[in-house]
Each structure stands twice: as C-alpha cells, then as structure tokens.
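Sequence lines, in order, name chains L and V. Numbering-wise (my numbering), the first sequence opens with residue 48 and increments by one. Numbering-wise (my numbering), the second sequence opens with residue 48 and increments by one.
Just so you know, these hints were derived from the structure itself, not from any lab. A portion of the hints provided could be inaccurate.
[Stated by the list, open to error] Computed far set for chain L versus chain V, every beta-carbon distance over 10 Å:
# : residue
1 : Val-91
2 : Leu-92
3 : His-100
4 : Ser-233
5 : Asp-244
6 : Gly-265
7 : Lys-271
[Said to hold, decoys possible] With a straight-line cut-off of 25 Å between C-alpha atoms, the simulated DMTMM-like cross-links for lysine to aspartate or glutamate are:
#  : chain 1 : residue 1 : chain 2 : residue 2
8  : L       : Lys-105   : V       : Glu-114
9  : V       : Lys-50    : L       : Glu-114
10 : L       : Lys-217   : L       : Asp-195
11 : L       : Lys-199   : V       : Asp-244
12 : V       : Lys-104   : L       : Glu-110
13 : V       : Lys-192   : L       : Asp-231
14 : L       : Lys-88    : V       : Glu-114
15 : V       : Lys-199   : L       : Asp-195
16 : L       : Lys-199   : V       : Glu-114
Even for Gly, the Cβ is constructed at its ideal location relative to N, Cα and C.
2 protein chains.
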Amino acid sequence: MAKVGIVLLSGGLDSATVAAIARNEGYDLHAMTFLYSQRHKIEVLFAERLVQHFGIKKHIKIEIPSEIFQTALVEGSNISVPKNRDIDETSIPETYVPGRNILFLSYALAYGESVGADAIFIGANAVDYSGYPDCRPDFFEAFKKMADKGTKAGVEGRGINIFAPLMYLKKHEIIKLGISLGVDYSLTHSCYDPFEDGSSCGNCDSCILRKRGFAEAGVADPTKYRE
Amino acid sequence: MAKVGIVLLSGGLDSATVAAIARNEGYDLHAMTFLYSQRHKIEVLFAERLVQHFGIKKHIKIEIPSEIFQTALVEGSNISVPKNRDIDETSIPETYVPGRNILFLSYALAYGESVGADAIFIGANAVDYSGYPDCRPDFFEAFKKMADKGTKAGVEGRGINIFAPLMYLKKHEIIKLGISLGVDYSLTHSCYDPFEDGSSCGNCDSCILRKRGFAEAGVADPTKYRE
Numbered sequence: 048m049a050k051v052g053i054v055l056l057s058g059g060l061d062s063a064t065v066a067a068i069a070r071n072e073g074y075d076l077h078a079m080t081f082l083y084s085q086r087h088k089i090e091v092l093f094a095e096r097l098v099q100h101f102g103i104k105k106h107i108k109i110e111i112p113s114e115i116f117q118t119a120l121v122e123g124s125n126i127s128v129p130k131n132r133d134i135d136e137t138s139i140p141e142t143y144v145p146g147r148n149i150l151f152l153s154y155a156l157a158y159g160e161s162v163g164a165d166a167i168f169i170g171a172n173a174v175d176y177s178g179y180p181d182c183r184p185d186f187f188e189a190f191k192k193m194a195d196k197g198t199k200a201g202v203e204g205r206g207i208n209i210f211a212p213l214m215y216l217k218k219h220e221i222i223k224l225g226i227s228l229g230v231d232y233s234l235t236h237s238c239y240d241p242f243e244d245g246s247s248c249g250n251c252d253s254c255i256l257r258k259r260g261f262a263e264a265g266v267a268d269p270t271k272y273r274e
Numbered sequence: 048m049a050k051v052g053i054v055l056l057s058g059g060l061d062s063a064t065v066a067a068i069a070r071n072e073g074y075d076l077h078a079m080t081f082l083y084s085q086r087h088k089i090e091v092l093f094a095e096r097l098v099q100h101f102g103i104k105k106h107i108k109i110e111i112p113s114e115i116f117q118t119a120l121v122e123g124s125n126i127s128v129p130k131n132r133d134i135d136e137t138s139i140p141e142t143y144v145p146g147r148n149i150l151f152l153s154y155a156l157a158y159g160e161s162v163g164a165d166a167i168f169i170g171a172n173a174v175d176y177s178g179y180p181d182c183r184p185d186f187f188e189a190f191k192k193m194a195d196k197g198t199k200a201g202v203e204g205r206g207i208n209i210f211a212p213l214m215y216l217k218k219h220e221i222i223k224l225g226i227s228l229g230v231d232y233s234l235t236h237s238c239y240d241p242f243e244d245g246s247s248c249g250n251c252d253s254c255i256l257r258k259r260g261f262a263e264a265g266v267a268d269p270t271k272y273r274e
C-alpha cells in the first residue's frame, strides 16, 4: 500500500518543491491550503494549478477566520509590508504570523490521523526564515513530541512523521532541486503584496529572496514583476 | 491591567466551570467555541447562553470543515455513539476525535498571541477521560513546550500559560466547585446524542458521567433527559 502524505501547499515556490520531493519518495499526497484573508490570497489559485500539475487527488482548503491572525500579511491589518529592507536573519520579522505553522500543522495532524497518513510535509526553512520561531528545527521536534503524546496514532507507536525537507537548503538549492524533480515554477507565486493581475511587487522580503534564488541558481525566473 | 484569558467553551459542564474559575482568578475572558458538524451542535447555543451568563465580551466561533475529523461524535460518520456501556478508563474510546484538543489549543494560541493573552483555559480532565491521549497532563506539558518554541511570545519569555484546572477533579467535585462559583448548570449541556428539542439521551458516556456527578455531589441535576 502506498504511503500517504499530507503536504501543506501554499502555492509558493517552497511548498511546490516539497510536494515534488514527497511525490518522488512515493507518497500518495493530499494537499492542504489555508485561506486567511492574506494579501497573497492569489496563492490559492496557484495552489490549485499545482494540485493539477502534480496530479494530487485530494485538495483540502481551510478558511481561517480573520479574527485569528493579526500581522502585516493579513488584509485590513494596519501594519504595512516592509519593502526594500535588509533582511535581518536573527530578529523576529514584522511579517511573523502568531501561531501560523502551529495551526497549519495541527490541521494536517487532525486530518492526517483521520485518513491514516504516514507523514506531513512542510516547506519550512531555517536558512532564509531563521527569524521565525515556527520555522526552526527545535520547534518541529517539539511539535512531533507533542503530537506523539496527544494522538492515538502517537500513543500506539504509529506516530505521524513531520518532514521539513527544505530546512537547511538555500533558496537557489531549493530551486535546483525542484527543477531536477520537474517542478514548473511558473505555477508558483511568492509575493507578499501582489497586484490584482497576479504580478509580483518585486521588493518585499519574499520577492527579494525569490529573485536572488533564481539568479544564484542560474535559472531564468518565470515570475512577472512590476516594480 | 487585567490579565487576559482565552477559555475554550463548548457549552458543556466542564468548560462552564473552567470559565467560572478563570473569571474568579481575575481574568478578562475571551471565549472560543468550535463547530465541527458534531451531533451535539446544540452545545453552541448553550455556549452562547454561558457567554451571556458570565458577561464575556468576545466570543469567537470557529467552524472546522467536516473533512477534518472522523469520529462517532461527528454527524455523517458511520461509527455510532456507544450506549449503556461500562466506561473503560484505560483504552482509547471510540469517541476519540483525532487531533481535537491539539487543533483547539492551536487556535487559542494563535488568537491568544494576537490579542496579548496571558493564559488559555481548557476543561480537560484525566479522571473521567483518561483514555483520551489529548486530555492527559503529559500532553499539555508537551503542548506548552512546543508553544514556547514556536511562538514569538514563547521565544521572548512571555509564553502563554495553558491551564487545565479540572485535570484531577472528579465530576462531582467539578460540580461542587462550579456551584460555589455561581455556575448555573441549567445553561450547560453534555449529551453526545441529543434530541432536537435539546433534551439529552441519558445513556451515552457523557450523560452517564453527568448524572453520576450530580448524584455524587448531592445536587439536583437540572438536565432534561429522555430515556
């Protein structure tokens, strides 16, 4: 029987690469995408294209009520998206979303246990996002321990694995790996502050990291920027 | 400034008692209630009455998509609610809901960090519900450790406390404590399998524990049973 994996699919470059990795390792995938009134709501459309691209059979979309998260990434928030700044990799960025990965992983765990999943895949990365507490390896270890204590699967020794295969990769390494696995990055999207036609701002943290990654990978960037 | 607490309020006897305890300890409360297509959807109405009873200003209601949980407690599930059985306190009951408290606490944590909460209050109990892995003290300890690693508040040393003040109390002790704090238990509801008029079945695990609790507390049970 094929192993079952739950992949958190935002429609971004990282989660697309993770889906390709999990599929390449033989997992039968279910995708989960979260809608949280984010400025990058357009990512959901990209997630749907990726689901098609990868032939994923089940796509769960979860709406998080707007009262839950308060951050620069969420519409209607009065914090603006930082632009053209030096990305300081040690302090916690303003774009931190309280409890985001905790909530996303908890959904994946609850759903994953219901469908008998073997593993959860998440595109967290401690190189470019070391400032986010919920992107660091010690957080994932603690989450796994908690999940093993708090689920039937965990208590019975069939605990669901949590894999963050991009954890120690730089952006250009992620891109090269994805290309070797057949990812079409024109179907992905990174901008925190996109235009309505789907083009990217080109100067938020996420666009800066993406552009730099393609440049360092020596791969043409398929993203449409409007600067 | 008053301490802020998030209370998980199901409309049941336990969570009502927890709200009274937290209020008595001086917390300014926000209530969270989860809707998950459960057979006891009627609890939400009871939760709303309790919110009024306690003068809680903010009541967040979260809808969990029906795809997430698969259990005897969820409508449309093909597992039936066990009736009139001996409650075996060591094995994991059929009414276990995968990842339920993990998901609920994660919501409370994300929302709580956004609003600057000091603590989360949950009515978990290891006496009557020792079979549920997500009701045991070691799970809550692991959740707190995970939360301290994965949130800004935790990393900065202002970690949100997680209190389960009913953990070691028997049902009759919970009822006596609640009555001493002014809880009106006619506003609460426990049945896993209620009738449409809001009356209780009287013979599911939850009704059995409730009836036994009132009897042992020597307090009249205000619940309407139809057996």
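Status of each hint after checking the structure:
Under the 10 Å C-beta cut-off, the non-interface status given to L:Val-91 relative to chain V holds; the minimum distance is some 15 Å. Its beta-carbon lying about 19 Å from the closest one in chain V, L:Leu-92 satisfies the requirement of being farther than 10 Å from that chain. Distance check for L:His-100 against chain V: the nearest CB is about 22 Å away, which clears 10 Å, and the non-interface claim stands. The Cβ of L:Ser-233 sits about 30 Å from the closest Cβ of chain V, beyond the 10 Å cut-off, so the non-interface label holds.
At the 10 Å boundary, the C-beta of L:Asp-244 stays outside the reach of chain V, the nearest C-beta of that chain being 30 Å off. Distance check for L:Gly-265 against chain V: the nearest CB is about 35 Å away, which clears 10 Å, and the non-interface claim stands. Every beta carbon of chain V lies more than 10 Å from that of L:Lys-271, the smallest distance being close to 32 Å; the non-interface claim holds. A C-alpha spacing of about 11 Å is found between L:Lys-105 and V:Glu-114, which places the hinted pair at or below 25 Å, so the restraint holds.
Proposed proximity of V:Lys-50 and L:Glu-114 is supported: the alpha carbons are some 20 Å apart, at most 25 Å. For the proposed pair L:Lys-217 and L:Asp-195, the alpha carbon gap of about 30 Å is over 25 Å, so the pair is violated. In summary, the hint linking L:Lys-199 to V:Asp-244 is not supported, as the alpha carbons are separated by about 34 Å, beyond the 25 Å threshold. Restraint check for V:Lys-104 and L:Glu-110: satisfied, since their Cα atoms lie roughly 24 Å apart, inside the 25 Å limit.
Only pairs whose Cα atoms come within 25 Å are accepted, and V:Lys-192 paired with L:Asp-231 is rejected, the gap being roughly 39 Å. Our distance criterion of 25 Å between C-alpha atoms is met by L:Lys-88 and V:Glu-114, whose separation comes to about 22 Å. Of the supplied pair hints, the one linking V:Lys-199 and L:Asp-195 holds, its CA atoms being roughly 24 Å apart against a limit of 25 Å. Proximity of L:Lys-199 to V:Glu-114 is assessed by CA-CA distance (about 18 Å); at most 25 Å being required, the pair is judged to hold.
The earlier numbered hints that this structure contradicts are 10, 11, 13.
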